[in-house]
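Asker: We have chain A; now place chain B onto it with these hints.
Number of protein chains: 2
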Amino acid sequence: MKLPKGFTASGVEAGLKKGRPDVALIVAEEGASAAALFTRNLFLAAPVVLSKASLKKSRGRVRGVVVNAGCANAVTGAEGMAAASRVQEAASGLLGCRPEEVFVASTGVIGVVLPDELVRGALPGAVAGLSASGLEAVSRAILTTDVGPKVAEASFAWNGRKGRVVGVAKGAGMIHPNMATMLAFLMTDAPASPPFLREVLAGATEESFNAISVDGDTSTNDTVLLLASGQLGGPAMTSRAEAQGFVRAVTKVCRDLAWMIVRDGEGAARVMEIDVRGARSARDAKLAAHAVATSPLVKTALAGGDPNWGRILAAVGRSGARFSPSRTSLTAGCLKLVERGMPLPYSERAAARIFLGERVPLLISLGSGPGRAKLLSCDLGHAYVTLNADYRS
Amino acid sequence: MKLPKGFTASGVEAGLKKGRPDVALIVAEEGASAAALFTRNLFLAAPVVLSKASLKKSRGRVRGVVVNAGCANAVTGAEGMAAASRVQEAASGLLGCRPEEVFVASTGVIGVVLPDELVRGALPGAVAGLSASGLEAVSRAILTTDVGPKVAEASFAWNGRKGRVVGVAKGAGMIHPNMATMLAFLMTDAPASPPFLREVLAGATEESFNAISVDGDTSTNDTVLLLASGQLGGPAMTSRAEAQGFVRAVTKVCRDLAWMIVRDGEGAARVMEIDVRGARSARDAKLAAHAVATSPLVKTALAGGDPNWGRILAAVGRSGARFSPSRTSLTAGCLKLVERGMPLPYSERAAARIFLGERVPLLISLGSGPGRAKLLSCDLGHAYVTLNADYRS
Numbered sequence: 008m009k010l011p012k013g014f015t016a017s018g019v020e021a022g023l024k025k026g027r028p029d030v031a032l033i034v035a036e037e038g039a040s041a042a043a044l045f046t047r048n049l050f051l052a053a054p055v056v057l058s059k060a061s062l063k064k065s066r067g068r069v070r071g072v073v074v075n076a077g078c079a080n081a082v083t084g085a086e087g088m089a090a091a092s093r094v095q096e097a098a099s100g101l102l103g104c105r106p107e108e109v110f111v112a113s114t115g116v117i118g119v120v121l122p123d124e125l126v127r128g129a130l131p132g133a134v135a136g137l138s139a140s141g142l143e144a145v146s147r148a149i150l151t152t153d154v155g156p157k158v159a160e161a162s163f164a165w166n167g168r169k170g171r172v173v174g175v176a177k178g179a180g181m182i183h184p185n186m187a188t189m190l191a192f193l194m195t196d197a198p199a200s201p202p203f204l205r206e207v208l209a210g211a212t213e214e215s216f217n218a219i220s221v222d223g224d225t226s227t228n229d230t231v232l233l234l235a236s237g238q239l240g241g242p243a244m245t246s247r248a249e250a251q252g253f254v255r256a257v258t259k260v261c262r263d264l265a266w267m268i269v270r271d272g273e274g275a276a277r278v279m280e281i282d283v284r285g286a287r288s289a290r291d292a293k294l295a296a297h298a299v300a301t302s303p304l305v306k307t308a309l310a311g312g313d314p315n316w317g318r319i320l321a322a323v324g325r326s327g328a329r330f331s332p333s334r335t336s337l338t339a340g341c342l343k344l345v346e347r348g349m350p351l352p353y354s355e356r357a358a359a360r361i362f363l364g365e366r367v368p369l370l371i372s373l374g375s376g377p378g379r380a381k382l383l384s385c386d387l388g389h390a391y392v393t394l395n396a397d398y399r400s
Numbered sequence: 008m009k010l011p012k013g014f015t016a017s018g019v020e021a022g023l024k025k026g027r028p029d030v031a032l033i034v035a036e037e038g039a040s041a042a043a044l045f046t047r048n049l050f051l052a053a054p055v056v057l058s059k060a061s062l063k064k065s066r067g068r069v070r071g072v073v074v075n076a077g078c079a080n081a082v083t084g085a086e087g088m089a090a091a092s093r094v095q096e097a098a099s100g101l102l103g104c105r106p107e108e109v110f111v112a113s114t115g116v117i118g119v120v121l122p123d124e125l126v127r128g129a130l131p132g133a134v135a136g137l138s139a140s141g142l143e144a145v146s147r148a149i150l151t152t153d154v155g156p157k158v159a160e161a162s163f164a165w166n167g168r169k170g171r172v173v174g175v176a177k178g179a180g181m182i183h184p185n186m187a188t189m190l191a192f193l194m195t196d197a198p199a200s201p202p203f204l205r206e207v208l209a210g211a212t213e214e215s216f217n218a219i220s221v222d223g224d225t226s227t228n229d230t231v232l233l234l235a236s237g238q239l240g241g242p243a244m245t246s247r248a249e250a251q252g253f254v255r256a257v258t259k260v261c262r263d264l265a266w267m268i269v270r271d272g273e274g275a276a277r278v279m280e281i282d283v284r285g286a287r288s289a290r291d292a293k294l295a296a297h298a299v300a301t302s303p304l305v306k307t308a309l310a311g312g313d314p315n316w317g318r319i320l321a322a323v324g325r326s327g328a329r330f331s332p333s334r335t336s337l338t339a340g341c342l343k344l345v346e347r348g349m350p351l352p353y354s355e356r357a358a359a360r361i362f363l364g365e366r367v368p369l370l371i372s373l374g375s376g377p378g379r380a381k382l383l384s385c386d387l388g389h390a391y392v393t394l395n396a397d398y399r400s
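Residue numbers (the numbering used here), protein chains in the order written: chain A, 8 to 400; chain B, 8 to 400.
Just chain A, same shape as in the assembly (with noise of 0.2 Å):
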């Protein structure tokens, strides 16, 4: 897949990660409007509190973004933040640009300072290496334990012409010894100003990277970044209402990640698609829907394939939101569970054709209220406690 117009990119070997692609950069080479939004955990990693400070100081100006994979240089104090200036510094170096204008973002260990002279060591490298290509390369260099790479693209129409998003993304769930980290990069050609696609990404984010649950943990790096070269030319877009078609766009990238994201959770092999619908608020509705997503019973159930109602039920009933259970309907699929508080009898094979599935979709109704939330979780099986338990470190 070949990057928007504007960009190029590259993944190279730093030695974080043994024998594998563990840099990558992406450069915007007349500069992009940048947004970004970061992870609300209270422990911020020195990359996030840096890129943070730099996007302000720029105005949302970004030239460059260095990943590295391999170490998350969280919980690392002073020293981490003074290594994650020194990538930045170096990269602005090579790039011809304002430091501020370099975006950092880290994945993987926790407690341990980057060894930044590895990532600078690698820099020349990658820029030499730099192209429109490099899309797939840089999909690669900022795995953890993810499956495979991830990445996503969709088009619009902007003055008569056609642009395009392209996004990339590493999972969220956790490696070892310790966390991981959710990263989505999303470049584009349009037309933008750095508030407008705050208020785009936003909106995206809200109902994909916010609307998913791995394990229900957040990480200290989480980071959704998006550029815009600009140059599909054409008046700057400004409001939501006429640059409807980017929004899809933005949207259905971030959507078709988190989904990936979601299926590729450790271990996982299916993925519950939860809608809750006619609860008395949106925030009952998401009370609901989180209670059966982060649930360790319905995860587990889930895991075996199991039709197991009684679990789901279970956790809107613990959830807080309010409703009445003799107005509760549960639906799998096209297969009706309960309706109205009363279990319904169903064909074995029906359930099991459904809970054995790629994609299980939950409608959970909870009366006629206005409100509704939909959250997408995955199974927790062995492969789950395997890639979490099973070492030492």
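Hints are not guaranteed to be accurate.
Computed list of lysine to aspartate or glutamate pairs in DMTMM-like fashion (alpha-carbon distance at most 25 Å, straight line) [as the list claims (entries may be wrong)]:
1) B:Lys343 - A:Glu355
2) A:Lys63 - A:Glu143
3) B:Lys59 - B:Glu206
4) A:Lys343 - B:Glu86
5) B:Lys25 - A:Glu355
6) B:Lys169 - B:Glu280
7) A:Lys25 - B:Glu206
8) B:Lys343 - B:Glu280
9) B:Lys24 - A:Glu355
10) B:Lys24 - B:Glu124
11) A:Lys24 - B:Glu355
12) A:Lys259 - A:Asp282
Hints are computed from structural coordinates only; laboratory data are not their basis.
Answerer: For chain B alone, kept in the frame of chain A given last:
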């Protein structure tokens, strides 16, 4: 272990579970004052609805308790209520008391109406088998996936005599094909009114059964019942201050049973004893403790005996508790892992000794505030997944 004065009990096979005792009967020969706490799940099982109403109607007077395993009689509507009522009536006929003086509790499969004819058929045998040493039979008849029975006792002084509190419980955690329950029954010979018992039980439950987390799920049937025969004699207890010994005894029995329940969490190998101190408020401390206790990443690391402090801090960081990362410290056993936001070097062997033990004490210090919370949790390993995923309903 003998029952306190005034109580007899038995356990019999009713045929709900093949070849295993599945119905327990506890009788207060001359009646007992009673107080109970029930699940906060909105899906209330029929026995919970019935026992709640009966206790109100009898003004906290109980003659007999009928507990069955094998069927939760939850999400069963009017039919389930009728079945539970028939058990209550049959037992009251045999015991010669009013129906509302019979307390019923169920555990097992959700969505199946209690086959009450089986329970009623077993009651005459249960009555015939009543004895002061029937506690062990009760402890076995109420089990589901529990590894073994759970009983605890404590004594107290009142009016110059030695009184006793004896408790029996079955574990939280979920069973195939649906959801199981935490049930606990405490009996004492103390002289006390239902309102006073309620006050004592609420306090004891807050720091025992409400301070444990096996999988974050709350059942439709969870019930804790405290019965007092008064046969110790002496004036009725009226204030916690003058009955401190009794309060301590009830709390100890609840705590011991709670620890056993967590230790016996489905497939669990060790108990994590989380102690959060120095939080800005009790609520902040609870949020932090709860996030650590329920994090699948922390729980899987614990299954592997992995001193993964990164996951613990990350869980605290996303918990919603207000705190400053740079003032946060973490100690496991007597080993300091993180001091004021910075990791400390530690010996692998010393860490392994702590994290591979049966009790893993974690002290999380968030600053110098007054907020404190203690919570017990267990690990999440392959055995949990096997119990909860590896079969089909």
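Asker: Please flag the earlier hints that this structure goes against, numbers listed from lowest up.
Answerer: Per hint list: 1, 2, 6, 7 violated.
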